[in-house]
Structures are given as C-alpha cells and as structure tokens.
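First to last, the sequence lines map onto chains B and D.
Residue numbers for the first sequence follow our numbering, so the first one is 1 and each next one is one higher.
Residue numbers for the second sequence follow our numbering, so the first one is 1001 and each next one is one higher.
Derived by calculation from the structure, the hints in this document are not laboratory data.
No residue lacks a Cβ here, since even glycine has one placed at the ideal position from N, Cα and C.
Any given hint could turn out to be false.
[What the hints assert, rightly or not] Estimated spans, in silico, between C-beta atoms of each pair:
hint : chain 1 : residue 1 : chain 2 : residue 2 : range
1    : D       : 1145      : B       : 15        : 24 to 30 Å
2    : D       : 1029      : B       : 73        : 17 to 23 Å
3    : B       : 23        : D       : 1088      : 24 to 30 Å
4    : B       : 89        : D       : 1032      : 36 to 42 Å
5    : D       : 1035      : B       : 126       : 24 to 30 Å
[Stated by the list, open to error] Simulated crosslink set (DSS-like; lysine-lysine; CA at most 27 Å straight-line):
hint : chain 1 : residue 1 : chain 2 : residue 2
6    : D       : 1186      : D       : 1088
7    : D       : 1054      : D       : 1088
8    : D       : 1121      : D       : 1092
9    : D       : 1088      : D       : 1184
10   : D       : 1143      : B       : 90
11   : D       : 1186      : D       : 1143
12   : D       : 1121      : B       : 24
13   : D       : 1054      : D       : 1121
14   : D       : 1088      : B       : 24
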Amino acid sequence: MIDPKHKGGEKSKSIAMSFYRAFKSLGSALPMLAGVVLLLGLLLICVPKQFIASVFTGELFRDTVIGSAIGSISAGNPITSYIIGGELMKGGVSLFAITAFIVTWVTVGIVQFPAEAAFLGRRFALIRNSLSFILAILVAIATVTTLVAIQ
Amino acid sequence: MKVVRDTEDKGGNKGEGEKRKWDTHYDLYFLVSVIFLYLLLFFFDPESAYNALKVTGNIFIQIIPILLFVIIFMALIDYFLLPKTVAKYVGKGSGVKGWFLAISAGIISQGPIYIWYPLLKDLRDQGMRSGLIAAFLYSRAIKIPLLPLMVYYFGLLFVIVLLPYVVIASLIVGQIIELIENRKDKIQ
C-alpha cells in the first residue's frame, strides 16, 4: 500500500522491498484466488457441455442474450470458450450467440465477481460487469452484421 | 470470527488497518462457502467432487507460472514506477495516451482476469483512472497468442471484424464508467 504522503523521490528504493510488497499483495489475494479456482473446478465438472448446447432455442436475439449470459457465468481460459463456441457452431447455434458467448467469457465474470468487488469496489464491479454484458450483445450484433454485409 | 483473526495474523497483515479487515473477511467468507459446497458434493457424489478437485489442481498448475510472472511484474512496477509517473501516464488528464496504454496492456496481459486485480488495485491507489481499468479489463477479450486458435475455429474474417469492435467497446465501457464516477464526484 502506498502512503499518499509519499512524494516521488522519498519512496524506499530497494528491489527486495518491491518484491516483498508484491508477494504480500498477492499473498493477501490468495484466499480469494483459491476460492475462485475451486469454484471453477466445481462448475466445469457439474455443468456438462451438452447442457449448454441444449439451452439455445434458435431465436436470434434470445440466443444472443443466452450466449451472453452463459459466457458471463463461465470463466477460465478463453481457449475453452473457443472450443465450446466451435462445438456450438457445428451444432447450428447462430454466430450472434457464439460471439456474445466468447466475448462475455472474458469480459464479464460472475464467478470472479467477489474478487473484483473486493479489490476494485463493489460499485465499480457491478457497473463494469453490467455494461460489459450489454456491450457484448452489441459487439455480437455489430460483428455479425458487418460480416454479412461484406460477404 | 476468531479463525479469521488468526489467519490474518499468520499472513502478517496485522498493520493493514480497518479497511483491509472487511476485505479479508469477505475473502475468507467466500472461500469457506466454496469449501462448504465441496463438502456437500463429497457427501452426495464423491466421484464428481474428486474430479472437480482434479480440475482445480490442473487450473492451479496452469496459473502458477503466470502468478510468478505477475509477482515479478508487480515488483518491477513497484520499483520503477512512482505514483507521480503512474498519475502522468494513466491518471487524471492522461488523455488519449492513457487509453492507448490501458487497452494495449489489456491485449498483451496474460492469464485469468482475477490474478490482475491486486495489481490494478495498487495502480488505482497510485492514481490510475477507473475508466482505464475498465478499458483494460474489457480489451482482455483480445488475446494475441490465442488469435491463431480463434482463426481456426471462426475464420480469419470473423477475427478481423471482431477485434476493432472489442477495442471500441473497451473505450465505451471506460468512458461510461468515467462519466458515472465524475457525476458521483460532483454530487459529493
């Protein structure tokens, strides 16, 4: 934690101190990190991929919102979202829904919401995640519309 | 609550003060809830619980190198960046350069989003604008090392069209957050 009274030049200049501060900062984040990763493991095992595919209805706007919502709940390596997105595309799910899904996978995090709220403030986390959710739908619509227009 | 205090002391956070205390409680409350879910699952379906633990272990193995990277990154930033410098590049009045820096950093940054929160908190304490933090978090939807994979699944054209829209969306999220924060400041 930086003391606001510190002026630029007065800060203690030792690389060891800097490492100590970094370790301490990340160390205090460990309970939250452990919680998020444990929850991810639980969700990945308990929510099967077939279930995700069966949720889509075929109606464009509704699917896009559903895609956005599922991407918000899930998290983890984006590679997983591409693989699931690829499978969904093979299964005939619209590109609107898949785009929204892969964008919210990264930008909206229900699972890591407690962590984001703890570090950056609940208000910030709430506004940021809600905005990102809506924007993912707009990004999906813009992307697919552009694709259709230039093809 | 006793347990919480003990853990806090072990972590050497004694001097962190009242503000940290609430955060730490919140952390542990969350962790305990998740462990409780695991215990429930162990009770009803031990095999799934075991598999979930295995997946958790794998995720940990994947993120440990990134965590090490983050520690080094945080230490270097702490060492080289003075609050004044942070304020200059990503603080109030950092302008277009600030947006460019935040979005580029988001695109380059690796690993899951949650390991970046401590660093972002530090940077904000040193004067980084909230809007830029939001833009950073959004632009993480673009991952350079993963682009080939994205092209493989969805085609080159899709990727070329999607990326500029993600950058635009990052700017919009950041600007709206900033508008809301400014309004809050005015009211206060």
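Hint by hint, here is what the structure shows:
A hinted range of 24 to 30 Å holds for the C-beta pair residue 1145 of chain D and residue 15 of chain B, which are about 29 Å apart. Taking the beta carbon of each, residue 1029 of chain D and residue 73 of chain B are about 21 Å apart, inside 17 to 23 Å as hinted. Distance hint for residue 23 of chain B and residue 1088 of chain D: a CB-CB separation of about 27 Å, consistent with the stated range 24 to 30 Å. Distance hint check: the CB atoms of residue 89 of chain B and residue 1032 of chain D are about 40 Å apart, consistent with the given range 36 to 42 Å.
Range check, residue 1035 of chain D to residue 126 of chain B: about 26 Å between beta-carbon atoms, so the 24 to 30 Å window is met. Of the pairs offered as hints, the one joining residue 1186 of chain D and residue 1088 of chain D holds, with about 23 Å between alpha carbons and a cut-off of 27 Å not exceeded. Proposed proximity of residue 1054 of chain D and residue 1088 of chain D is contradicted: the alpha carbons are some 45 Å apart, above 27 Å. For the hint pairing residue 1121 of chain D with residue 1092 of chain D, the CA-to-CA distance comes to about 16 Å; that is within 27 Å, so the pair holds.
In summary, the hint linking residue 1088 of chain D to residue 1184 of chain D is supported, as the alpha carbons are separated by about 23 Å, within the 27 Å threshold. Distance restraint check for residue 1143 of chain D and residue 90 of chain B: the Cα-Cα separation of roughly 23 Å lies within the 27 Å cut-off, and the hinted pair is therefore satisfied. Proposed proximity of residue 1186 of chain D and residue 1143 of chain D is contradicted: the alpha carbons are some 37 Å apart, above 27 Å. For the hint linking residue 1121 of chain D to residue 24 of chain B, the alpha-carbon distance of about 13 Å falls within 27 Å, and the restraint holds.
Taking the CA atoms of residue 1054 of chain D and residue 1121 of chain D, the gap is about 31 Å. The hint is violated against a cut of 27 Å. For the given pair, residue 1088 of chain D sits about 26 Å from residue 24 of chain B by alpha-carbon distance, which is consistent with the 27 Å threshold.
Figure legend: structure checked against the earlier numbered hints; hints not met, in rising order: 7, 11, 13.
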